[in-house]
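All chains should be built: construct the whole structure from the sequences, respecting the hints.
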Amino acid sequence: MSTMTGWMGTVLRVNLSNGTIEKQPLDSELAHAYVGGRGLATKFLLDELDLQCDPLSPENMLVFINGPLTLTGAFGSGRYMVVTKSPLTGTICSSNSGGYFAASFKSAGYDAIILSGKSEKPVYLWINDDKVELRDATAVWGKNTRETTDLLLKQTRKDARVACIGPAGENLVRYAAIMNEDRAAARSGVGAVMGSKNLKALVVRGTKGVRVADPEEFLRPLIISKHIKNADLGIALEEFGTPLFVDIMNANNAMPTKNFQMGFFEDGDQINGAEMIDKTLVRSKACFGCSLNCGRNTRLPEDSKYKGRGDGPEYETIYALGSNILVNDIYALTKMNYICNELGIDTMETGSVIAAIMELLEMGKLSEKDIGYSLKWGDADATIHMIEDIAYCRGFGKIAALGGKHVAETCGEPEVFMGSKGQGLAGYHPRAMVGQGLLYATSPEGGNHTTGNTVNQEINGIPEPMDPLSAKGKAELVIRRQNETAFVECCGLCVFPYMLMDGSMAILADLYSAAVGKKYTEDDIREIGERVFNLERIFNHRLGFSRKDDTLPKRLTQVPHNEGIGEGNVVPLEEMLNEYYRLRGWTQEGVPSKEKLKELNIT
Amino acid sequence: MAKRIAFTEERCTNCNLCLMYCSLAFGEKGIYDFRPSRARIKVAVSTDDTKYVAHVCLQCVEPACVEACPEGALVKDPKTGVVTVNDDICTGCAKCVKACEYGCIFLFNKVAVKCEVCYDPLCVRACARGALTLIDDDDVDEQANLYREVRI
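Protein sequence lines, in the order shown, are assigned to chains H and L.
What the first sequence shows, in this note's numbering, is residues 1 to 603, in sequence order.
What the second sequence shows, in this note's numbering, is residues 1001 to 1152, in sequence order.
Since the hints were derived computationally from the structure, they do not count as laboratory data.
A hint or two may mislead.
Capping the alpha-carbon separation at 20 Å, the derived lysine to aspartate or glutamate pairs in EDC-like fashion look like this [said to hold, decoys possible]:
1) H/Lys279 to L/Glu1010
2) H/Lys548 to H/Glu415
3) H/Lys279 to L/Asp1048
4) H/Lys369 to H/Asp379
5) H/Lys226 to L/Asp1120
6) L/Lys1110 to H/Asp130
7) H/Lys23 to H/Asp129
Covered stretches of chain H, as calculated for chain L (at least 3 residues, CB under 8 Å) [claimed, not checked]:
8) 35-49
9) 360-372
Here a beta-carbon is modelled for each residue, glycine too, at the ideal position from N, C-alpha and C.
Printed below as a string of structure tokens:
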């Protein structure tokens, strides 16, 4: 048994080409330097992966990983990440998910599962504590994620947990997701990498425990959690879930609408949290180990045109498949979310791609003949048709499955795709909050909402008011948010609770220290976050990524915001980038300097 | 009257923090860890996903588990009403587990484990929404019905 605390001390390696399964001890020094999650996984990939490999070839590696605070009493401790070279962006990517899978994964005794090679036939990995085997998945290949989950639980044990791909992953859609219990490791095409390996699912059951060095310290969250819940945003999140952001973003003209042409959706009150409570919400639900309760358990009413039940939609889906394509029907939006989850496809990227297609159609750069049917702004049923076409790579869906950048470039209009590094942006309009624009441009995997966001500072004015339209102080803010978020994610935690707490990094440093048995200060953990962020940058730099790729579409940097707050504003990206690179200790080409790498102990 | 943990379904969010902290309270041999499989409380979800039900011992007036134990390892304290397991005597035969129609007794490492009502229970402290409370009564009907309906 490992003497480590926090970490389980074991890494599982599975070579799908020859079926070998190996358990290795986790190197303690490496664990302290890179923690877990994004950090440790990126280190594994940098050390072992042929970086030039085709992301969908057997050479690519797929890492499932939790962190030293997963399955502990730290807030939001039910998360795992999937890290790989992205088939959508060609960069390092880390996609993370909540729900209950992470807890089972870690209690089976593993910090990470490193998958390499490619199986000849469809398989799934069945992990029952120490017993690990690859099993035939022919019977579930082609099935959607819910059917797959139900069938695999019958074939294994009902108290196990499943993370699987749907048809989109099997068909190598570049933004296919990995699903667990209606939660998704959605972004950057991690599901396609899994599909390319003929790996349908991971099924995990665990009975082990996570030891912590100082258990008494873990009694503190029980007191602090009441404060988080009683924070204004905590109360609102519990009541409305993430759809709460519809109101916040709309009120600040930062709700991306009609492919980012606008920042205000006039039908926002038809797709917000209150509307969901009224029409679809069964009850709020939590992820494992979190008292925030922001999840949405929903159901479409019997008399609705659309049927079904499941989770969500979350805010990012509401923006992407709602305001951004002008869909204002919460029932249709809920149905689209269920369909995406069942097919195993990222709702955000799907929305980005479809928004680009709708605009290209409007411009006459695509015709109805190309698509095969009418696909106009706000047409929910045609959107559902397209989602299915993409997942099954049918007709125009075959092209759309390669990503929005590909679609827009094919039509000769690259600026119509609202993304960065080939990945669609998240639901925060940068013209109305320019720091968020800098964050998208410098994120390791392009437009993304999990490598940090600036909503609390730029929009909510916490801890103190900040001008969302000005470049002032934004480079510093973005660097701080990126580093903090990187550390939170390395720990195997959800970022939400830590957004809500004053002094959350101090509390996190204490909990981390109490778990792993070594004293870390707030500055120490910020430095670890910085180390991880630089490591990801190195990964991308070795593949040729630099300042030229830290971009935003011209719509954000050259076309002025159209109305209300931020009217006339554009994102002063170059000005912010200059300062950002300087403060990061990178060259003006966006490359980490030797001194910086030495300072951060990256070798 | 028995001391027991009462459960209010409407307030549960299926966060599992109750069982996480329950497991921490019962560390073995001085090693403290978060280990759901050791917990004396478990959460079940109804098949239609509309109910989250934390199963925790009702401390029955006439406990079927006590009746079922061939070793006399289970005892109901006449004063507090709490049913306890003597793990030196328990053989792990699981007859009590089968006898409990509420799904509130479990096997862990071949010994029966169940809620024995801690002083200042960590599960209650961990429940941020107050779905679990420490009370002193025998009016268990509603909770018992819920346990029959949504099983582990």
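Structure-based check of each hint:
no.: 1; hint: H/Lys279 to L/Glu1010; in the structure: holds (19 Å)
no.: 2; hint: H/Lys548 to H/Glu415; in the structure: holds (15 Å)
no.: 3; hint: H/Lys279 to L/Asp1048; in the structure: holds (18 Å)
no.: 4; hint: H/Lys369 to H/Asp379; in the structure: holds (17 Å)
no.: 5; hint: H/Lys226 to L/Asp1120; in the structure: holds (17 Å)
no.: 6; hint: L/Lys1110 to H/Asp130; in the structure: holds (18 Å)
no.: 7; hint: H/Lys23 to H/Asp129; in the structure: holds (12 Å)
no.: 8; hint: 35-49; in the structure: violated (count 0)
no.: 9; hint: 360-372; in the structure: violated (count 0)
Taken one by one, the earlier hints fail for this structure at numbers 8 and 9, listed in ascending order.
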